[in-house]
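Undergrad: Just need the whole structure built from these sequences, with the hints factored in.
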Amino acid sequence: MTGPLSDVPPASTEFLATVAARELEGKQRVFAGVGLPTLAVDLAVRTLNPDLELVYESGVCGARPEAMAEGIADSVLVSGAAAVVPMPVLFGYVLQRGHVDVGFLGAAQVDRYGSLNTSFIGSWRDGARPDVRLPGAGGAVEVMANAGEVVVVLRRHDPGALPDRLDFCTSPSPVAARAADPRAVPRGFGLRTLITPKAVLRRRDRFGELEVASVHPGVSLEEVRASTGWDVAVSPDVVETRRPRVEDVRLLREEIDIVRLYLR
Amino acid sequence: MTGPLSDVPPASTEFLATVAARELEGKQRVFAGVGLPTLAVDLAVRTLNPDLELVYESGVCGARPEAMAEGIADSVLVSGAAAVVPMPVLFGYVLQRGHVDVGFLGAAQVDRYGSLNTSFIGSWRDGARPDVRLPGAGGAVEVMANAGEVVVVLRRHDPGALPDRLDFCTSPSPVAARAADPRAVPRGFGLRTLITPKAVLRRRDRFGELEVASVHPGVSLEEVRASTGWDVAVSPDVVETRRPRVEDVRLLREEIDIVRLYLR
Amino acid sequence: MSVDTSAPGVVTDLASAVAAHVEDGMTVAFEGFGHLIPFAAGHEVIRQGRRDLTFCRMTPDLLADQMVAAGCVRRLVSAFFASGSAGSLYEVRRRVEDADPAPLEVEEYSHYGMVCRYQAGAARLPFFPLRSYAGSDLPELNPRIRTVTDPYGGPDIHVVPALNPDVTIVHAQRADRHGNVQMWGILGAQQEAAYAADRVIVTVEEIVDDEVVRADPNRTVLPAHAVDAVVACPRGAHPSYAQGCYDRDNAFYREWTPISRDPALLQAWLREWVYEVPDRTAYVEKVGAERWRSVAVDERLSGRVDYGRRYAPQEAAQ
Amino acid sequence: MSVDTSAPGVVTDLASAVAAHVEDGMTVAFEGFGHLIPFAAGHEVIRQGRRDLTFCRMTPDLLADQMVAAGCVRRLVSAFFASGSAGSLYEVRRRVEDADPAPLEVEEYSHYGMVCRYQAGAARLPFFPLRSYAGSDLPELNPRIRTVTDPYGGPDIHVVPALNPDVTIVHAQRADRHGNVQMWGILGAQQEAAYAADRVIVTVEEIVDDEVVRADPNRTVLPAHAVDAVVACPRGAHPSYAQGCYDRDNAFYREWTPISRDPALLQAWLREWVYEVPDRTAYVEKVGAERWRSVAVDERLSGRVDYGRRYAPQEAAQ
Numbered sequence: 005m006t007g008p009l010s011d012v013p014p015a016s017t018e019f020l021a022t023v024a025a026r027e028l029e030g031k032q033r034v035f036a037g038v039g040l041p042t043l044a045v046d047l048a049v050r051t052l053n054p055d056l057e058l059v060y061e062s063g064v065c066g067a068r069p070e071a072m073a074e075g076i077a078d079s080v081l082v083s084g085a086a087a088v089v090p091m092p093v094l095f096g097y098v099l100q101r102g103h104v105d106v107g108f109l110g111a112a113q114v115d116r117y118g119s120l121n122t123s124f125i126g127s128w129r130d131g132a133r134p135d136v137r138l139p140g141a142g143g144a145v146e147v148m149a150n151a152g153e154v155v156v157v158l159r160r161h162d163p164g165a166l167p168d169r170l171d172f173c174t175s176p177s178p179v180a181a182r183a184a185d186p187r188a189v190p191r192g193f194g195l196r197t198l199i200t201p202k203a204v205l206r207r208r209d210r211f212g213e214l215e216v217a218s219v220h221p222g223v224s225l226e227e228v229r230a231s232t233g234w235d236v237a238v239s240p241d242v243v244e245t246r247r248p249r250v251e252d253v254r255l256l257r258e259e260i261d262i263v264r265l266y267l268r
Numbered sequence: 005m006t007g008p009l010s011d012v013p014p015a016s017t018e019f020l021a022t023v024a025a026r027e028l029e030g031k032q033r034v035f036a037g038v039g040l041p042t043l044a045v046d047l048a049v050r051t052l053n054p055d056l057e058l059v060y061e062s063g064v065c066g067a068r069p070e071a072m073a074e075g076i077a078d079s080v081l082v083s084g085a086a087a088v089v090p091m092p093v094l095f096g097y098v099l100q101r102g103h104v105d106v107g108f109l110g111a112a113q114v115d116r117y118g119s120l121n122t123s124f125i126g127s128w129r130d131g132a133r134p135d136v137r138l139p140g141a142g143g144a145v146e147v148m149a150n151a152g153e154v155v156v157v158l159r160r161h162d163p164g165a166l167p168d169r170l171d172f173c174t175s176p177s178p179v180a181a182r183a184a185d186p187r188a189v190p191r192g193f194g195l196r197t198l199i200t201p202k203a204v205l206r207r208r209d210r211f212g213e214l215e216v217a218s219v220h221p222g223v224s225l226e227e228v229r230a231s232t233g234w235d236v237a238v239s240p241d242v243v244e245t246r247r248p249r250v251e252d253v254r255l256l257r258e259e260i261d262i263v264r265l266y267l268r
Numbered sequence: 067m068s069v070d071t072s073a074p075g076v077v078t079d080l081a082s083a084v085a086a087h088v089e090d091g092m093t094v095a096f097e098g099f100g101h102l103i104p105f106a107a108g109h110e111v112i113r114q115g116r117r118d119l120t121f122c123r124m125t126p127d128l129l130a131d132q133m134v135a136a137g138c139v140r141r142l143v144s145a146f147f148a149s150g151s152a153g154s155l156y157e158v159r160r161r162v163e164d165a166d167p168a169p170l171e172v173e174e175y176s177h178y179g180m181v182c183r184y185q186a187g188a189a190r191l192p193f194f195p196l197r198s199y200a201g202s203d204l205p206e207l208n209p210r211i212r213t214v215t216d217p218y219g220g221p222d223i224h225v226v227p228a229l230n231p232d233v234t235i236v237h238a239q240r241a242d243r244h245g246n247v248q249m250w251g252i253l254g255a256q257q258e259a260a261y262a263a264d265r266v267i268v269t270v271e272e273i274v275d276d277e278v279v280r281a282d283p284n285r286t287v288l289p290a291h292a293v294d295a296v297v298a299c300p301r302g303a304h305p306s307y308a309q310g311c312y313d314r315d316n317a318f319y320r321e322w323t324p325i326s327r328d329p330a331l332l333q334a335w336l337r338e339w340v341y342e343v344p345d346r347t348a349y350v351e352k353v354g355a356e357r358w359r360s361v362a363v364d365e366r367l368s369g370r371v372d373y374g375r376r377y378a379p380q381e382a383a384q
Numbered sequence: 067m068s069v070d071t072s073a074p075g076v077v078t079d080l081a082s083a084v085a086a087h088v089e090d091g092m093t094v095a096f097e098g099f100g101h102l103i104p105f106a107a108g109h110e111v112i113r114q115g116r117r118d119l120t121f122c123r124m125t126p127d128l129l130a131d132q133m134v135a136a137g138c139v140r141r142l143v144s145a146f147f148a149s150g151s152a153g154s155l156y157e158v159r160r161r162v163e164d165a166d167p168a169p170l171e172v173e174e175y176s177h178y179g180m181v182c183r184y185q186a187g188a189a190r191l192p193f194f195p196l197r198s199y200a201g202s203d204l205p206e207l208n209p210r211i212r213t214v215t216d217p218y219g220g221p222d223i224h225v226v227p228a229l230n231p232d233v234t235i236v237h238a239q240r241a242d243r244h245g246n247v248q249m250w251g252i253l254g255a256q257q258e259a260a261y262a263a264d265r266v267i268v269t270v271e272e273i274v275d276d277e278v279v280r281a282d283p284n285r286t287v288l289p290a291h292a293v294d295a296v297v298a299c300p301r302g303a304h305p306s307y308a309q310g311c312y313d314r315d316n317a318f319y320r321e322w323t324p325i326s327r328d329p330a331l332l333q334a335w336l337r338e339w340v341y342e343v344p345d346r347t348a349y350v351e352k353v354g355a356e357r358w359r360s361v362a363v364d365e366r367l368s369g370r371v372d373y374g375r376r377y378a379p380q381e382a383a384q
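Chains as they are written, first to last, in the numbering used here: chain A, 5 to 268; chain B, 5 to 268; chain C, 67 to 384; chain D, 67 to 384.
It should be emphasised that the hints constitute simulated quantities derived from the structure, not laboratory data.
Keep in mind that this is a model prediction, so the values were computed, not measured.
Just to be clear, a hint being listed does not mean it is correct.
Short derived list, chain A residues pointing at chain C, Cβ under 7 angstroms [said to hold, decoys possible]: (1) 82; (2) 90; (3) 145; (4) 146; (5) 184.
From the three backbone atoms N, C-alpha and C, an ideal C-beta is built for every residue, glycine too.
TA: So this is what it looks like as structure tokens:
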């Protein structure tokens, strides 16, 4: 994909969605969430991967929406889809069986091995009331265990969002699963790519740690290190994150999210 | 139901089907098999129970066939049915959950507690080759465990078909299930009514034995006893089996099985 | 379509169905995954003042926020504590984070965990296995998540216990007067949640002639034997949607956030839109034509399939 | 309907599909419960001379008798050893009762046991629990039927192990060229058996335009991601049937009993109807117009349902 590059800021939705879209090149099936993943998936279909099959937790497979979906259960995902299956089939046969290549997830906290917390901030053991009741597991724990790999986009990059230790492990990485039961390691690679407003972090090994793979334009490696809650590893071939093309930003603004639901 | 009585012989299909049909009075849902049960169910709908819901192992619920079904997966059961569900739903949610009142089963052997053998005649343990390979369990073991009660029609009444001990217990009665695991007693009553060419035998108690409830016209109680492979109990209020009405026989021959598929 | 609703069947009105089947202290599942959420039935439960319910729902959605705020709910059994696309459920959060104005018990699973609980309940199994919990803190948070030993030599596998609601309430596009229910679009776990329950109430956009259902038996998600009450309740899923009938009221979902954030506003909303509205017909009128136009949809028809019919021998002979 | 079958997709011919996916010694499931039995595919497997198959099927039906007689099958995994309505499968019986002309391994469950095995396989679970085996001799006959302890304090419950065929073969009314498969009428355990398999071959009455499938996405039983090969094979289920297309050939099922009883007749039948028939097109022609008339069906169409379509903002603004 060539063309002039855009100067949208690295923390913008346009920048993050474009970086996320690149993760879908060459993939067959993506488990798409709501919000920024909606933009990333749509952009990928329009630019890098027209044959990508969009699978949604709601049971929709092979969606071909005529308008931008405002949620994973939006009616526009259903009309004209290739299949709509009940949730036992979606979770059991499509996801747990292993038909999803890439899952997009959000998180409040991510640890160095790519385990996610979407449940609580604060203490929760022994009946304690948490400081913040987050949305909970939803289908994230299943996506983490069963998708081929996972991509997470965070809107923050600071030691609160990337702590040394999660307040709660909702969706364990293969590392955490192996620690709990060495025989029960899940099928998936777990988190492969973490996209933040400052950098892209990757895990190269299924049982490895996140390392900084690229740093966004205008952000220093030192800033990335200081903003991470553990002594984060850096890839020997760390580069600057490639900017979105002008065309990517145009597509996002003028064809994908024309009502500016997710783009602010 | 009144009207003049027929003198068809007690061993005839017309006689047995009519006696079986009476078991469906006041029931809501019947799990119908092929052959004689097809006739019994159709006759019951026409005479005693127009609202009876016909459920088939193939997943058809609320069948309203326009022609006589030649099997439990006949296309005439599907066209115009209220529902067709996949087999995990039929066996799991309809049958195992407990929505079937009466199940019709066949058997090669029935024991005194109403356990059925539909698997083998002869020895089978230690890799022995059986004398006769019977059809096997099919769905019978599930119907026995999960239907409210079971009706069996046998075409023979002799010590081979009603032995003291089954060659193989395919579908256990609650008595046999309790003996295997007192905590795993199934939901259903098990066999309540056994109809043979000589008599009707019933179990009054979920953990009780079959006893002779009625003897067909022209058959002696002594003959029934001598034809049974154990010292069979006799109900204190044993009676003669009520004959079919002329109208029942006419319906079977002229409206239900007009091609004489099951009536010979 | 003319339907004789005086004929025998399970057809009733919503107030009667709720009064007959939903009692204080019961476990009640309201299912519908972002689609066909039974809001009208939930509002009727609020109006009838039910208390101490164990409220089961994969994604609580606004319906949970409303029923919790109305004081109907003692315990929430769920997997996701936000409203689909549009932000927090602040009433739920106040209860959980600050016990304000009262505590709320929570029993927490994942989405598939809830699906598995319904599957076990529907099939009268004690539990259902799933693969995804090893290493998660969920089993420590919720001791009802356990493990069983694999008798085939594999690793231990997590299981969740059967969920058997006293009542399950769902909404659908249509049913016949016997209770054969058909729906299309996103089906969620409605079939499992209904079969898992002792009693089932179904509100529908339309009650149709028997022949409409029987012309397409594969479309029936709930056969009549699984259904205890059918209620004609057009637009009974608003502000969620019914595929092909009306779209989700996304504007209302966005409006909910500030309402939910302010307990006084929330109580005022309940007064105006639930307590002082006698039934769904009045609600539909109050919503108003303009708003209904904003969620109207164009037609996009499925094709027909041929189920065939055997040549009757009589006809063949003629 | 015009379909460009040269476009990318999984469309192929039956000989190629079987050659590409079915190897000697594999575990192969042929599913379809009395409906949509994949006879054409079974005959192609016979013609290609596959050996030592583990043949999985809830009800073996004539297809098992034919494939066993042709020497394709080493082991039969099944629940019922007769042909639906019409009598014994004598080739299977000869092997089991007298090892004539050779023994046949049998692994035996009940119908629901087979369904549960496919469900476990489809969901990548090690086993699936069911309630009905306590007191039966089946677990003694088949030691792969085991029990697990209920961690919620109930009695031990029987389980069956996952069944994951190397290949599952099914027949359906239609698919698009990508492999999205739609069927109606009796659905059996085809969805489970297909998802359980490593590879899936689907023969269909008709390959249709994408839009036919996408006009009714709830009708799709197997999404394209679960399907490896789609083959246009009209009348590929004969002598079983395809709802709305042609009826079961009950006369043939009755004719089978004397053929099956006599090994020489059975081998002659295989020669005439399988080995010497190059493909299904030739078979259809050989069956002849008169016989096809005897299984023809009248039309009985389903209705249409409305999936709706959102007003595009552009249109709304116009």
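Undergrad: Hint by hint, say whether it matches the structure.
TA: Hint check results:
1. 82: Holds. Min distance 5 angstroms.
2. 90: At about 5 angstroms, which falls below the 7 angstroms cut-off, the nearest Cβ of chain C leaves the hint on residue 90 of chain A intact, so it holds.
3. 145: holds (5 angstroms)
4. 146: Holds: closest Cβ of chain C sits about 5 angstroms from residue 146 of chain A, inside 7 angstroms.
5. 184: At about 4 angstroms, which falls below the 7 angstroms cut-off, the nearest Cβ of chain C leaves the hint on residue 184 of chain A intact, so it holds.
Against the hints set out earlier in the document, no violation occurs for any number.
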